[in-house]
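First to last, the sequence lines map onto chains F and B. If you read the first sequence in the working numbering, its first letter stands for residue 126, the second for the next number, and so on. If you read the second sequence in the working numbering, its first letter stands for residue -3, the second for the next number, and so on.
To be clear, the hints were calculated from the coordinates, so they are not data collected in a lab. Yeah, the Cβ is synthetic: ideal placement off N, Cα and C, and Gly gets one too. Careful: at least some of the hints might be erroneous.
Output of the computed footprint for chain B on chain F, the stretches with three or more beta carbons under 8 Å from beta carbons of chain B [unchecked claim]:
hint, stretch
1, 140 to 153
2, 156 to 162
3, 166 to 173
4, 180 to 190
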Amino acid sequence: MSAEGYLERADELLATLALRLRTDGQAEAPLHAHRFGRLRARRDAAAALVARNGVAEEARVFLLELLAEIRRFVPDILPEGAADIAQDYLVIGRAYLVDGREL
Amino acid sequence: MTSSSDASLSAHVIRSDAEAIQIAHELASRLAEGAIARDQERRLPAAELDLLSASGLMAITVPRAHGGADVAIETVIDVFRIISTADPAIGQLPQNHFVFTEAIRQDGTDEQRGFFFAQILSGARLGNAQAERNTGSALDMRTRLLPHADGSFRLDGTKYYCTGALLAHWIPVAAIDEQGRGVLAYVRRDAAGVEVLPDWNPMGQRVTFSGTAHFRDVIVPPLQVVPHWRIFERPNIFHSYAALLHAAIDVGIARSALQDARALIRARSRPRLGAPVATTLDDPLLLARFGELAVRLHALEAYLAAAARLHDQADRDSSERRIAEAAAAAAGVKALAEDVAIEISSEIFALIGTASTDERLDLHRHWRNARTHTVHDANQWRYQALGSFALTGKPIGKPVRRLASSDSNTKP
Chain F
126 MSAEGYLERA
136 DELLATLALR
146 LRTDGQAEAP
156 LHAHRFGRLR
166 ARRDAAAALV
176 ARNGVAEEAR
186 VFLLELLAEI
196 RRFVPDILPE
206 GAADIAQDYL
216 VIGRAYLVDG
226 REL
Chain B
-3 MTSSSDASLS
7 AHVIRSDAEA
17 IQIAHELASR
27 LAEGAIARDQ
37 ERRLPAAELD
47 LLSASGLMAI
57 TVPRAHGGAD
67 VAIETVIDVF
77 RIISTADPAI
87 GQLPQNHFVF
97 TEAIRQDGTD
107 EQRGFFFAQI
117 LSGARLGNAQ
127 AERNTGSALD
137 MRTRLLPHAD
147 GSFRLDGTKY
157 YCTGALLAHW
167 IPVAAIDEQG
177 RGVLAYVRRD
187 AAGVEVLPDW
197 NPMGQRVTFS
207 GTAHFRDVIV
217 PPLQVVPHWR
227 IFERPNIFHS
237 YAALLHAAID
247 VGIARSALQD
257 ARALIRARSR
267 PRLGAPVATT
277 LDDPLLLARF
287 GELAVRLHAL
297 EAYLAAAARL
307 HDQADRDSSE
317 RRIAEAAAAA
327 AGVKALAEDV
337 AIEISSEIFA
347 LIGTASTDER
357 LDLHRHWRNA
367 RTHTVHDANQ
377 WRYQALGSFA
387 LTGKPIGKPV
397 RRLASSDSNT
407 KP
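The following block holds chain F by itself, in its conformation from the complex (with noise of 0.2 Å):
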């Protein structure tokens, strides 16, 4: 697939995820806004990295890892009752930092 394949499967992934997030009215969270703002941040610079010349190969590859990346953030989201990873990180990042537990 080319590059500019890639990046129509990547829009088609974030849009779905976009849907998904606000359906379960999730695009307020803060943990989730912000891993999506980072996956939008990558899928924008993929999005110029294709418009330039001379760079199809490494726009592609970019755009492979985003893929790979979006996929990750998806069973977060998706499943039922899924475990939501970014909040466990939350709890615990709050265990040392805020409750004082031994690094």
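Guided by the hints, dock chain B onto chain F, whose structure is given.
Same frame as chain F, but now just chain B:
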């Protein structure tokens, strides 16, 4: 310190975007030569900033009606990226100059524009005195600009992180006026009551000298007061433009680090201990990792340029939608620039090997510079802001400074 009224000020006047880029490349080659020595010796870059002023680059955003080139934002951002690749401290020093030149363009009177743009065209530099320590929030201020019976104002306060102030001709000082509004007082660097200290002692961006400035009963004529609060009352790209300038500095650091790594790796023949290959360049793991970093750098550079073009479009049509999209792009680029600059400036050591730790190479300056500059503000919240905009359409907010309450916490 010469004042901006000093007749010795003179600068070339750049006429086009292409000329600005060409001069930036020429200046960058000269600045790159001394970057390591400046970093290692913490040398005040007075001569380098004078070169920058004389080159005309400091005036490239002055409107054409006032004799400037009024170059595209994309050009300004590229100039910052180019200079920062040579030396990111020299790249950061004029960041506030461009921001506060824009503040005059946005909210200055015709008289203020005429006066200050003429100064800038002749080579005058604007510094910065915004942030304060020991307040409850980073946006709280105790600095006041209050009216005096003689029709002028008096400025009192202490600032920190005053990048550019030490070697500036003018210092734009953020203050709260009698009505509790945020104003900018552009005070002469050599005015009575102004004291700028060389007390910046960080691990990176060492020669930005972003230390303390005291303002004690400084007389400020009305000509030098810009009603900056107005910028917060309408949609505009002022704040995201400032963020994009910062991002360009980090992109420059990332490129510089990877360029240095490339040169050193290519000069090595012996593979690293434990790598079962004949030569360095036969190491597939090294090649793959370098390729990964190169792709990230290129994606970041493309993203920076695309975000700058969005700012040019938003500057032209000023629609709320365009402005919000530009701000979201600036947030994404700045956050990604931190990730990529930190990753590259750290990973190059593992690619090169122990030889990379030789102090004479000063390769760690890239990481120190990236780490110091990227903690300027909470970039992870920029990803959150971009995500929130993408998911809900909520535009990114502006950092409004306000008067610190008398009972506010005192935090450094």
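Using a Cβ cutoff of 8 Å, are there at least 3 residues of the stretch 156 to 162 of chain F near chain B, or does the coverage claim fail? holds (count 6)
Apply the coverage criterion to the stretch 140 to 153 of chain F and chain B: a residue qualifies when its Cβ sits closer than 8 Å to a Cβ of the chain, and three qualifying residues are needed. holds (count 5)
Just to make sure I understand the rule, a stretch counts as covered if three or more of its residues have a C-beta closer than 8 Å to a C-beta of the chain. Does the stretch 166 to 173 of chain F meet that for chain B? This one holds; 7 residues, not fewer than the three required, reach chain B with a Cβ under 8 Å.
For the stretch 180 to 190 of chain F, do at least 3 residues have a Cβ located nearer than 8 Å to some Cβ of chain B? It holds, with 5 qualifying residues against the three required.
Figure legend: structure checked against the earlier numbered hints; every hint is met.
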